[in-house]
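*Asks:* Chain order of the listed sequences is Y and S.
Residues in the first sequence are numbered from 1 upward in steps of one, following our numbering.
Residues in the second sequence are numbered from 1001 upward in steps of one, following our numbering.
Hints are not guaranteed to be accurate.
[As the list claims (entries may be wrong)] As a list, the in silico DSS-like pairs of lysine-lysine whose alpha-carbon atoms are at most 25 Å apart:
#1 Lys175(Y) to Lys1142(S)
#2 Lys61(Y) to Lys1549(S)
#3 Lys1439(S) to Lys1654(S)
#4 Lys61(Y) to Lys1670(S)
#5 Lys1454(S) to Lys1576(S)
#6 Lys1342(S) to Lys1381(S)
#7 Lys236(Y) to Lys201(Y)
#8 Lys175(Y) to Lys1414(S)
#9 Lys203(Y) to Lys1549(S)
#10 Lys1576(S) to Lys201(Y)
#11 Lys1454(S) to Lys1414(S)
#12 Lys1654(S) to Lys1461(S)
#13 Lys1461(S) to Lys1576(S)
#14 Lys1072(S) to Lys175(Y)
[What the hints assert, rightly or not] Beta-carbon label-pair distances, calculated as ranges:
#15 Phe1170(S) to Asp177(Y): 33 to 41 Å
#16 Arg216(Y) to Glu1418(S): 27 to 35 Å
#17 Asp173(Y) to Ile1210(S): 49 to 57 Å
#18 Glu322(Y) to Asn1155(S): 38 to 46 Å
#19 Gln108(Y) to Asp1203(S): 15 to 23 Å
#20 Gly195(Y) to Val1152(S): 23 to 31 Å
#21 Asn1548(S) to Lys201(Y): 42 to 50 Å
If you are wondering where the hints come from, they were derived from the structure by calculation, not from laboratory data.
Cβ coordinates follow ideal geometry from the N, Cα and C atoms, glycine included.
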Amino acid sequence: MKFRPWGALEWTLSLSPKKNWFFLGALGTEQRSIASWKLLRECGVISAELFAEIYDVFSDKYYHRNAAALKERKDEFAKLGGNYSSIFNFDLMSELFQINGIANKALQSKSVVLDITSFPKRFFFPILRALAKSPTISNLLITYTSPAAYAEDAPLYEDIESWKTLPGFGGGDSKADFWVVSVGFLVESLRRYVGDNPQDKMKLLIPFPAPLAALRRTWQSVADLEQGHEDDRFDKYRVDTLDISAAFDRITSIAGMPERALAFAPFGPKPTSAAMCLYAMQRDSSVHYSQPTVYHPDYSKGIKNNSLESAVSAYWIKHDGEFLYAI
Amino acid sequence: MNITINPFQQLYFSDDTQSENNYVELFSSEVLQTAIHPIFQGGNVVLSGTQGCGKTMILSLLRPETRIAYWKIGKDFPVNKQMRNFVSAGVNLTRSRIADIVQVTLHRGDEIDERELPFYFADFFNYLVVDDLIKSVETIGKHPEIFDSTVVLSNIDNFVATVARQDCWFGYLDEISTLEDLRRRISQRIDFYRRWVNGNLIDPEPPEEIRSTKTNIGEPIARTADCLREAGIISDLVPVLIRVDQIEELHRAFTDRQRKLLLLFRKMLNRAFASRDARVHYRAGTRRYGWTNPDYLGVWGSEARLENRRDYHLIDMDEELFARGETRNSIFERFSIDAFQKRVEYYFKSEAGVLKPHLAKSIFGKHPNAVDRIVQLQESKDNAQIDRALGVDSAADGGSWSEDWRNFLRNLYKQGHEGMLDAVLAAAWGRQTGGARSKRQHREDAPPIEAPWKERKWWRKERLDLAVLQLVTRCQQRFMWWGYDDIRSLSGGNITVFLHICHRIWDGFLKNESSLPEQRRTNLLNGGAIDRNIQAAGILFASNEWFNKLPEEPGGNARKNFVERLGVRLNEDMIKDIRMAYPGGNGISLAQTEFNSEVEEVLDLRVFLREAVGYGVLFESEHSSKVKSSGRRLKYYLNPILCPRFQIPEARTKEPYYWRLDELFDLIRKAQITISKLKKPMVRSNSSLPLFPDLDD
């Protein structure tokens, strides 16, 4: 098992000589969307930055709340010294070439921080792949900020698209031996897929340890998923919500030796999804998802413990040219 | 009887290779002959229908693997012997990811993308189909014991040489001499497209080798078919049938660029249909909204549109085959009974023995009449309770009834369940005037000696369901459904809905059985029936579950919110209609003159409703206005499976409520439903990211 450093941002940075980082993030309605940038800025290590402001598909229901929350976030960004010219607009359902344009912007830099906190999966998967594969980038750090809580009053997202592969992660021709599924709060389309494909074996990655409220919802999802199906279709593995490295090791161990072909369904926490991405990009595995087109304006609230230091986690992906997640 | 097996557990069977045995055991071949026949004859055929209506199962008959599966278990292939000699290949637009070409750009602006990407789409399509065609030919050729001499592989080298020489490839297949080479070369091409749409090309544009050899849609497929015939691998009489499934996939767009490009891809695909090439015949599977919009039927490079009967033969499985929503429907009835029987036989195997025919009818029992539906109500002697049940208490329209009428109605009500029903109908009749011009209500006169609410056969029949609904609601009970006919009717002509209801009823039955001692259990395989209360509970569960599953489909939340508002509103209006003036108030009707307006908001509404119909959430049909010279109208009803949740009788009787579009827009606004996905009113203060900014800097 390889040691891949991750933990509190400042500690993680301290493991390597000070660098000038290019920061890539998504500025969204959530308070946590600029937390990592704020902390890095306080550390004085950001040399340049690019934020994607990603617009959900238009929704009458959330339009005013989204607009107000975005304005609040941008005001906060400006107040902290952020420059509006570093923010670029994207549609949530942008095409792959546009998403790759974000990564291209960072490809001339030697050290890049990718903050996946508010990036939808259809964005950060291709971006992470491009950055990880780039020969010019020697140091790559992922950051992720845990929220204080998630919205409880309404579904976290609505109007999902059909079950498809994420842009750029269509995989090869061969059928996967196993499905690796990270379980989150909502599993509607996954439940449908499970029902329609009774032969497929599912390896469920269940976030644990996790906050109590999240735990309850996640296990409810597992119960929904399993309902009416034979037990031997599902193997459950507990994976720390925040530990990309442990999730990656779990995935490689599921693939086994000789290696079996995997397909992924990242419905769970972002760090686990990042681990899936790091594996899938090396094996051309398909990654399947039902993209929500509208997110709740209060998808998450606040930041964990109301403390940047404990809320922001950082993960070394590449260090001095070494890719720490090579299979 | 094994009380751990629910034969309806699995609703869908996909068309992958692992499901073939299930397919053979469960496919209702006899019943579906009406749809099957045209599939194996000449000309292009389009199978349209809502999800779960059986399109994919029918198209699967074309796959050689399905026929092999039939042979393996010794079952006769359910296609007329004269039509079995065919070769088929195909592409599923979702699984092949061919529409992902929209994800790439040629980096020379949107105009160039719109002009050139459709050709790459066509090329990708051609290679996918030719690849599958060659695989199918090989599979068939290797199994002469099953396919007789449909394919003779002895002259394969000759075929390869001929096909490689064709000018339709623009030189891409030069140097090919063996079948292995041909397969590898085609696979390289497909692999290129996969890498491109996955964003794995280093160069911004495809290489010269691809750019200069783009093929015309359909031509390489037709030439390959020709070459197979020329080489004697298939005879001139063997039709080559090309499946194109999930065409609706080309119409999920979220930006203007995507919408334009996908429409252009669709036009390109339509060109293959428009060519009416006798060398190959296309077989399309699509949900209704993927075919009904005239904008989707344009043909690349021409002003023409595809036309039914001229370019293709349309089989609308919902409307033509299963006569969705009609009360009598012999094909669906036979289909559902057969599907039920096959499931039970398959899952209970030897235990099933020789099952009674029409098992579904004996297990679910008879269709309840109106009195049966209210037998759960307690008879009452208390006048206040009776007044409440009849809606003549002071909280309803009290005060307007003479004491004579009140006593008359109360006496009727006290005469058992039939009397209760009569009393509700009599109260409604009392509130009516007997004619449009008359203003005097019947109750202003003394109660009649005859009973017009009983003797006027149609007046009564049309109002029975409404009477039951109003009565049970006022008595704080629910309208209940049970019996085979109710289940068939709630299925709305969709076999998946039927199986879903059966699943939930069977589940309820198993739960109940497991709590009983063995000697008190019911053997459904041997003449037993499921208790009506278990059925009613299972049906309600299935209805709620179907409603909660609506968000599983793209755009489903909006439709779910819409259905919630509409369902609640229709139920309220029906309960409030104490005169029973609108016994058909379980739906709404819109004037086509208003509905066909080109106003943007109305256009969006049309698309929204069409999609709702396409996803099987609403049922739509045309009708004449009850007002002379008011033109044609469109009726909309909830899918019957949703009716138990909202407590709306599903039978369509009389005219539905006539709504103005304003009323519909009002309902949509209140539900905060977004009917257009292309609006982007959010003020965008920032710029868009230029492509390759580092190259520009």
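*Asks:* Just to be sure I understand the hint, the distance between the Cβ atoms of Arg216(Y) and Glu1418(S) should be within 27 to 35 Å; is that true here?
*Replies:* With a Cβ separation near 52 Å, Arg216(Y) and Glu1418(S) fall outside 27 to 35 Å, so the hint is violated.
*Asks:* Sort out whether Lys1381(S) lies within 25 Å of Lys1342(S), counting only the CA atoms.
*Replies:* 50 Å, violated
*Asks:* Are the Cα atoms of Lys1576(S) and Lys201(Y) separated by 25 Å or less?
*Replies:* Cα-Cα ~52 Å, so violated.
*Asks:* For the pair we were handed, Lys203(Y) and Lys1549(S), check the Cα-Cα distance against 25 Å.
*Replies:* 24 Å, holds
*Asks:* Are Lys1461(S) and Lys1576(S) close enough, with their CA atoms no more than 25 Å apart?
*Replies:* Distance ~19 Å between Lys1461(S) and Lys1576(S) Cα, so the pair holds.
*Asks:* Lying within 49 to 57 Å: is that true of the beta-carbon distance Asp173(Y) to Ile1210(S)?
*Replies:* Violated: the Cβ-Cβ distance is about 19 Å, outside 49 to 57 Å.
*Asks:* Between Lys175(Y) and Lys1142(S), does the CA-CA distance stay at or below 25 Å?
*Replies:* Measuring from Cα to Cα gives roughly 23 Å; hence the hint holds.
*Asks:* Gln108(Y) and Asp1203(S), beta-carbon distance inside 15 to 23 Å?
*Replies:* 19 Å, holds
*Asks:* Between the beta carbons of Phe1170(S) and Asp177(Y), is the distance compatible with 33 to 41 Å?
*Replies:* 39 Å, holds
*Asks:* Within 25 Å, alpha carbon to alpha carbon, are Lys61(Y) and Lys1670(S)?
*Replies:* Holds - the C-alpha atoms of Lys1670(S) and Lys61(Y) are around 10 Å apart, at most 25 Å.
*Asks:* Under the criterion that the straight-line Cα-Cα distance not exceed 25 Å, is the pair Lys61(Y), Lys1549(S) satisfied?
*Replies:* 20 Å, holds
*Asks:* Does the alpha-carbon distance linking Lys1439(S) and Lys1654(S) stay inside the 25 Å limit?
*Replies:* With a Cα-Cα distance of about 22 Å, the restraint between Lys1439(S) and Lys1654(S) holds, given a limit of 25 Å.
Going down the numbered hints, you'll see the structure goes against 6, 8, 10, 16, 17, 18, 20, 21, while the others check out.
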